[in-house]
Amino acid sequence: MIRTPRIPRRTFSMGLLAAGLSLSVHTRADNAVSAKDIVTAADGVRNPLAPFRMSLLLVEYKSGQVHDTVGLAVHSKLNASTGQYRNLVRYTAPARDVGKLVLLDGGSMWFYDPASKASIRISAQQRLIGQASNGDVLTVNLAHDYSAKILGEEAVADADRQTRSTWHLDLTAATRDAAYARLETWIEKDTYHPIKSKFYSDSGRVLKLAYYRRYETALGGARPMETIIVDAVDSHLVTKVTASEYRAEDVQDTWFQRDSLPRFSEE
Amino acid sequence: MFLKIAFRNILRNGRRSLMTLLAIAVGGVAIVLFGEFVGFVQASLETNAVQNVGHLTVFRRGFFDYGAGDPAGFGIANYEEVTGLVENDPEIRPLLDVITPTVSLSGVIGNFEIDTSKTFLGTGYVPADREKMQRWDEHGVAQRRVLQDSGLRADDESRGVVGVGLARVLGLCAPLHIADCPPRPAPTTWVAANAGAAPDVPRESIDTEAAAKADIPRLDMLAATANGAPNVMSLYVTRAEPQGARELDDNVVVMSFALAQKLLYGRGERQATGLVLQLHRTEDLTHVRGRLEALFQAHGLDLEVRDFAERQPFYRQAVGMFSAIFLFIALIMGMIVLFTVVNTMGTSVVERTSEIGTARAMGLRRTGVRRLFVLEGSILGAFGATAGVATGQIVAMAFNRAGATWTPPGSAAPVPLEVLTAHAGGLLAGVWVGLVVMATIAAVVPANRAARLQVVDALRHV
Amino acid sequence: MTPLTNEDAVVSFHEVGKVYDDEGLRVTAVKNVSFDIPRKRFAMIVGPSGSGKTTLLNLVGCIDTPTSGRLEVCGQDTGALDDRALTDFRSKNVAFVFQGFNLFPVLTAYENVEYPLLLLGVGGAERRERTLAMLDSVGLADKGRHRPNQLSGGQKQRIAIARALVKNPALVLADEPTANLDTHTGAEIIALMRKVQREHSASFVFSTHDPQLMSHADETFVLRDGELFDHRAREAS
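Protein chains in written order, with numbering that gives the first Met the number 0: chain A, 0 to 266; chain B, 0 to 461; chain C, 0 to 236.
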């Protein structure tokens, strides 16, 4: 398993603590677990490292009522050189949208419509509202784009209003292309499951609030099967993203090229 | 002597001469009034434009043509330095009234309490500078207008002004006291077949904006920063202002410069997308523009300069249209004067045929006859023109006191309607000369006819 | 008829003819006349209407030119001059007195008399002197400021005579000068013309029906059908 190389290091540092030997310079309890470690682990919980596909069911609620339902098939692969995931998303439901594609590559988003056979780039200005704005929430890569700092430990209510024991981390944008200026995230201590995240704009206002729940094993680890995104600007909007059918897949790099989109759409 | 004869002949048929004179005078009055009206319109259009976008704007090269798609990509870095450079230039400083940085951007603005949003075009101004700019009035055409503040506040950067259409769409009719707002149609809710309630997740941790300004209508502005990150800021709307053109009315947001900067540049370097210059006098525009371009080239700055006519092409089109209409009317009036004088002089020639014969017999040359009649035409023209121009100017002054108003194209509300009586010397002189020339030319044809009469036939005429 | 030398003749006709077009019809007004009019006389051209006397007078007055032959007025061949030269010639040498007086209604009596001097470019002081003298000579010195419509027929003709003579012309043409006047006034006018003729040594050529005027003729030329029918001369007195 590709994740295994990390385990020895964590176990090793855990072991050192248990042994009472302090090889690190931190003097606090649990100081051997660095913010970066936590964040990396949390990333790994959300996204498998190896190329995979999964199905997503997006239900959009407006003022508490179901407003729209979308079915997607997602093919994902980590781009080793940039450290960012590339996602090819295909609409599977409703019937009128079947075959439409969205390509998410780093910071860019492309949309392809089989009816017009045209692919257009969705600019950042066009991704300010609507489901396109949730794309950044789902694909956020904390370890790569943000520098983390542990604020402390907290008992926080999860999506089901159960109390969890978490690390409360503060993350600030480390790269120029990071979509959010700042994040706050609560990671469960033992399991490294992300419980909750708050996404901040450059002006300091909260843009999104995300909860992660229904952890089930898939593709070698526990993953949140449900992500609930609350829009902090338009507070009437809540999106529930349900994942299923995780499968390892030999995702080709060529799939993520614009020219391949028409062919992919037909499959 | 000729003059004496010409004068007396004009007075000979007093009524006919008076009618001709009146026709010329009326033509003169019409051209003077309309000419001064056109002058007023041009001055007003210029004043509106200059109040809004100043005389010249400094942009990063390429912004004017491509910036709308990527405003953050065409910013002026070190805009404060550039401002200082321009302000301190010895040639520009005495001519400069205001120089101020601005930011133009676009994004989505919404009233999310009622779940409505739309795109917007925003501009950020420094409040004090904006107010100063809106008081520019070189030609004195804005004197009687009701002055408003800019809607921005120096002490509160979150304050702004929106177009009436935009306010209406975003449900601010009531709080902004907008008149004539039709009732909002009920939004169509689309409920899916398998309706389920939204997940009940705890949301107390989302910070809400301080309720300190709860009585002021608030809108949320979303924009993408230079890096493509979504950014959101609040706008507290002071009022809704009609914009004149519907497309602007539905999209315009005016905010403070600081707010626009924060929204567009986010965590990146704070720049400006334009530097607006307003001069004391419009006639200095070309000189200052040349100086700016020289200055930028000397310092190797990748900046360009655009004037208000380029930024508001409507100005040139409107001015051109009014000029064309004026020329057309002047031409028509000229034609009327021409025909009237031709008619009058022609009749005169026929009536005086035997006199012409007598004079010719006595030794008056053909050219002498011609000169006499042309002179009569000129004198009629001169008197008619003087009467017309003087009356026109008096009527114009009286009209200005009458307090009429109108809503010009591109304007949102009625403004005082005036005609430009000041500095009209050129127009008045031109009209006077034009009418006299017209009358003189008109007299030539009948004068030639008179000159070419055969003496024998003329003497035989009763 | 004793042929006169050129110095004695003010007007010399040498086979002069005048043909003109009257609405497509060619009319021969004067056919091949040859005669001289002596200077400083009262010469009268008489004849029935249609005899061509008006045309002949027009030719003498240099307001028309012959279509054939040669006409000399005051020694000048009138056919050789263009319109402008002819006009200038008239200005200096020929004056007119008309049946209808033909005064300029917009000018005063004084200004009417002054007019020919203005055409000649005479200076202000001399003009004034001569005009006043002329007014005086015709006995209307006090009427200088009156407009023609304020004068009687006789007075108007006097002014016309003054206007004609003020420039000291060699030749004065009078076309029916007494036709619009009663007998008494007519006699006065004839007397006045005699007087000024003597004073200015001018040659008068008349065209007339008036027997009273004809009785004063020094020379009478009778025209018939465009030709000279008869010439009678009175011994100079």
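Just so you know, the hints here were simulated from the structure itself, not pulled from any lab data. Note that the Cβ used here is the ideal one computed from N, Cα and C, for glycine as well. A couple of the hints might just be wrong.
When the alpha-carbon atoms are kept at most 16 Å apart in a straight line, the in silico EDC-like pairs for lysine to aspartate or glutamate are as follows [as the list claims (entries may be wrong)]: (1) A/Lys-61 to B/Glu-112; (2) B/Lys-117 to B/Glu-303; (3) A/Lys-61 to B/Asp-199; (4) A/Lys-148 to A/Asp-36; (5) A/Lys-99 to A/Asp-112; (6) A/Lys-116 to A/Asp-144; (7) A/Lys-61 to B/Asp-114; (8) A/Lys-188 to A/Glu-244; (9) A/Lys-197 to A/Glu-215.
With beta-carbon atoms standing in for the labels, derived distance ranges [stated by the list, open to error]: (10) C/Arg-233 to B/Met-18: 33 to 41 Å; (11) C/Tyr-19 to B/Gly-367: 22 to 30 Å; (12) A/Thr-174 to B/Glu-90: 42 to 50 Å; (13) A/Gly-70 to B/Glu-246: 32 to 40 Å; (14) C/Arg-25 to B/Ala-389: 54 to 62 Å.
Now for the hints, and whether the structure bears them out:
| no. | hint | result |
| --- | --- | --- |
| 1 | A/Lys-61 to B/Glu-112 | holds, 12 Å |
| 2 | B/Lys-117 to B/Glu-303 | violated, 32 Å |
| 3 | A/Lys-61 to B/Asp-199 | holds, 13 Å |
| 4 | A/Lys-148 to A/Asp-36 | holds, 11 Å |
| 5 | A/Lys-99 to A/Asp-112 | holds, 5 Å |
| 6 | A/Lys-116 to A/Asp-144 | violated, 34 Å |
| 7 | A/Lys-61 to B/Asp-114 | holds, 9 Å |
| 8 | A/Lys-188 to A/Glu-244 | violated, 27 Å |
| 9 | A/Lys-197 to A/Glu-215 | violated, 23 Å |
| 10 | C/Arg-233 to B/Met-18: 33 to 41 Å | violated, 58 Å |
| 11 | C/Tyr-19 to B/Gly-367: 22 to 30 Å | holds, 26 Å |
| 12 | A/Thr-174 to B/Glu-90: 42 to 50 Å | holds, 46 Å |
| 13 | A/Gly-70 to B/Glu-246: 32 to 40 Å | holds, 38 Å |
| 14 | C/Arg-25 to B/Ala-389: 54 to 62 Å | holds, 59 Å |
The earlier numbered hints that this structure contradicts are 2, 6, 8, 9 and 10.
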